[in-house]
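Now for the letters of each chain:
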Amino acid sequence: MTEQTNKSIKIEVNQLDFFYDQKQALNKISLEIPEQEVFALIGPSGCGKSTFLRTLNRLNDLIHKTSLKGKIKIDGDDIYHSSIDVVQLRKSVGMVFQKPNPFPFSIYDNVAYGPRANGIKKREQLNAIVEKCLRQAALWDEVKDRLDDSGTSLSGGQQQRLCIARVMAVEPDIILMDEPTSALDPLATLKVEELIHELKQNYTIVIVTHNMEQAARVSDKTAFFLDGVVVEVGETDQIFTNPKMKETEDYITGKFG
Amino acid sequence: MSKVKRNQIIAYSLLSLAAALTVTILLAIVFYIMSRGLAMINLAFLLEEPRRMGAEGGIYPAILGTVYLVGVTLLLATPIGVGTAIYLNEYIREGLFKKVIRFTTEALAGIPSIVFGLFGFIFFVILLRDITGGWSIISGSLTGVMMILPVVIRASEEALRNVPNPLREGSLALGTTRWYTIKKIVLPLAFPGILTSLILSIGRVVGETAAFLLTLGGSLLIPRTLFDGSRTLSLHLYMVAMETGNMDMAFGTGAVLIILIIIINFLAGALFKRLIKRFS
Numbered sequence: 001m002t003e004q005t006n007k008s009i010k011i012e013v014n015q016l017d018f019f020y021d022q023k024q025a026l027n028k029i030s031l032e033i034p035e036q037e038v039f040a041l042i043g044p045s046g047c048g049k050s051t052f053l054r055t056l057n058r059l060n061d062l063i064h065k066t067s068l069k070g071k072i073k074i075d076g077d078d079i080y081h082s083s084i085d086v087v088q089l090r091k092s093v094g095m096v097f098q099k100p101n102p103f104p105f106s107i108y109d110n111v112a113y114g115p116r117a118n119g120i121k122k123r124e125q126l127n128a129i130v131e132k133c134l135r136q137a138a139l140w141d142e143v144k145d146r147l148d149d150s151g152t153s154l155s156g157g158q159q160q161r162l163c164i165a166r167v168m169a170v171e172p173d174i175i176l177m178d179e180p181t182s183a184l185d186p187l188a189t190l191k192v193e194e195l196i197h198e199l200k201q202n203y204t205i206v207i208v209t210h211n212m213e214q215a216a217r218v219s220d221k222t223a224f225f226l227d228g229v230v231v232e233v234g235e236t237d238q239i240f241t242n243p244k245m246k247e248t249e250d251y252i253t254g255k256f257g
Numbered sequence: 001m002s003k004v005k006r007n008q009i010i011a012y013s014l015l016s017l018a019a020a021l022t023v024t025i026l027l028a029i030v031f032y033i034m035s036r037g038l039a040m041i042n043l044a045f046l047l048e049e050p051r052r053m054g055a056e057g058g059i060y061p062a063i064l065g066t067v068y069l070v071g072v073t074l075l076l077a078t079p080i081g082v083g084t085a086i087y088l089n090e091y092i093r094e095g096l097f098k099k100v101i102r103f104t105t106e107a108l109a110g111i112p113s114i115v116f117g118l119f120g121f122i123f124f125v126i127l128l129r130d131i132t133g134g135w136s137i138i139s140g141s142l143t144g145v146m147m148i149l150p151v152v153i154r155a156s157e158e159a160l161r162n163v164p165n166p167l168r169e170g171s172l173a174l175g176t177t178r179w180y181t182i183k184k185i186v187l188p189l190a191f192p193g194i195l196t197s198l199i200l201s202i203g204r205v206v207g208e209t210a211a212f213l214l215t216l217g218g219s220l221l222i223p224r225t226l227f228d229g230s231r232t233l234s235l236h237l238y239m240v241a242m243e244t245g246n247m248d249m250a251f252g253t254g255a256v257l258i259i260l261i262i263i264i265n266f267l268a269g270a271l272f273k274r275l276i277k278r279f280s
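From first to last, the protein sequence lines are chains A and B. full-length UniProt numbering puts the first residue of the first sequence at 1, with every later residue one more than the last. full-length UniProt numbering puts the first residue of the second sequence at 1, with every later residue one more than the last.
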């Protein structure tokens with residue numbers, strides 16, 4: 001426990017409200033997400049956990065008629081402040097989506113996409129990045145002989161690891177994962193979970209999941225969302241073995257959801 | 001035989017009959033024009049100037065006029081049309097402004113070409129004659145641009161809309177700008193749809209006569225600059241048939257027109273593919 005309290009706070013969310021048009025989706029969310037840990041968001045469909053995740057890299061900005069109140073600080077900087085460059089923010093806060101979304105070009109070009117956008121042109125440099133990231137994503141051995149094949153020709157699990165490699169190539173500090181294994185089979189899920197375990201050495205990971213066992217397996221801390229409110233947040237062990245709130249207990253024991 | 005199965009067979013037969021009929025009619029027309037026109041085509045026909053108002057001689061000026069007109073029209077309409085579509089689909093959100101632009105383009109699409117021709121005649125040919133040179137390829141092209149813009153905009157917008165949103169989000173979430181995402185992901189994926197709209201537009205320009213009679217003028221001379229008057233093959237065909245009555249010349253022109261359209265479509269495909277590649 002002492003080790004965990006020593007960790008510095010990476011993301012600090014304070015009294016966050018979020019609206020789709022008139023409809024309030026998040027209500028006074030306050031959370032502290034520590035550095036280099038896996039932070040799981042659980043809760044039934046429509047409870048606002050994905051919406052919350054997408055406020056962290058300001059992807060909700062793309063949706064028409066949304067508004068936000070409260071503060072989100074990453075490394076102490078208010079990410080909704082007018083001086084923040086959203087493009088820079090998204091470089092440091094990567095995202096892996098629910099459905100693997102590789103670009104319709106080669107495996108190599110998928111991973112090199114972000115570095116190229118940042119102006120890296122030298123072939124040797126790109127080669128090194130591609131290999132490093134594919135290795136980190138535990139995909140290198142499976143694809144090293146066919147880097148020119150289309151990213152979309154891979155299996156679902158491989159596609160998702162490719163997307164993770166693609167994110168890592170931009171060198172973010174934080175990786176957001178929106179139900180990254182919901183479209184995968186159990187074996188592919190296992191691989192991605194092992195990967196998450198590896199990744200937390202270097203990254204702060206926030207993961208939305210529908211799968212209770214997954215949250216229990218991969219995360220250090222868990223927050224339980226219900227109807228746009230954080231009902232309970234704490235160490236994952238505590239949330240799953242000894243929840244303080246009745247709703248949390250009902251949810252994790254499968255009484256609703 | 002069951003009723004369902006019988007209906008299936010009837011439906012299948014009717015549909016294949018319809019398809020066969022379409023293809024047959026199309027082939028018959030092309031075959032008829034070609035059989036009467038191909039005999040006319042030789043090097044002299046293609047490379048000589050017409051004599052006696054087109055009753056004799058070749059059709060070289062009209063071939064040049066067609067190529068210039070199509071080229072300049074596409075050169076102007078593609079950036080404007082595709083740019084408008086990108087702006088509408090990628091940058092602004094649903095709202096009054098977007099509705100107004102949509103309504104305007106739709107209204108533009110419904111206007112008969114002769115009305116564009118009349119406008120082009122009064123505006124480009126008469127009012128702006130010091131700039132456009134009066135009846136000229138420029139005047140004709142600007143009129144052509146107005147005619148095809150609605151098609152290019154609508155079809156490009158449709159093509160852009162068909163690019164899956166998760167790919168846009170995936171790109172933006174990697175910390176790329178909107179323009180980079182459009183350039184690298186959206187445009188290449190929308191390219192086939194955009195190309196189709198451009199090829200359809202070529203067909204409309206090549207096939208148009210009325211609007212270009214009023215704006216190109218119908219000169220039989222070889223156009224030296226874009227500010228010279230000219231005529232397209234369609235226009236030439238019309239004028240030869242109506243003014244000289246020499247149907248062999250008209251069919252010869254028709255055959256060249258069909259071949260030219262096939263060549264232009266082919267070249268446009270190759271050219272735009274290369275452009276997009278260099279662009280991204």
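Derived from the structure by calculation, the hints contain no laboratory data. It is possible that part of the hints are untrue.
To be verified - Straight line, CA to CA, 27 Å or less: simulated DSS-like cross-link-like pairs of lysine-lysine:
1. A:Lys99 / B:Lys183
2. B:Lys183 / A:Lys121
3. A:Lys144 / B:Lys184
4. B:Lys273 / A:Lys122
5. B:Lys183 / A:Lys122
6. B:Lys99 / A:Lys65
7. B:Lys98 / A:Lys65
8. A:Lys99 / B:Lys184
9. A:Lys121 / B:Lys184
10. A:Lys132 / B:Lys184
11. A:Lys23 / B:Lys99
12. A:Lys132 / A:Lys144
13. B:Lys184 / A:Lys122
14. A:Lys191 / A:Lys71
15. A:Lys121 / B:Lys273
query: Failing hints, ascending?
result: Of the numbered hints, just 14 does not hold.
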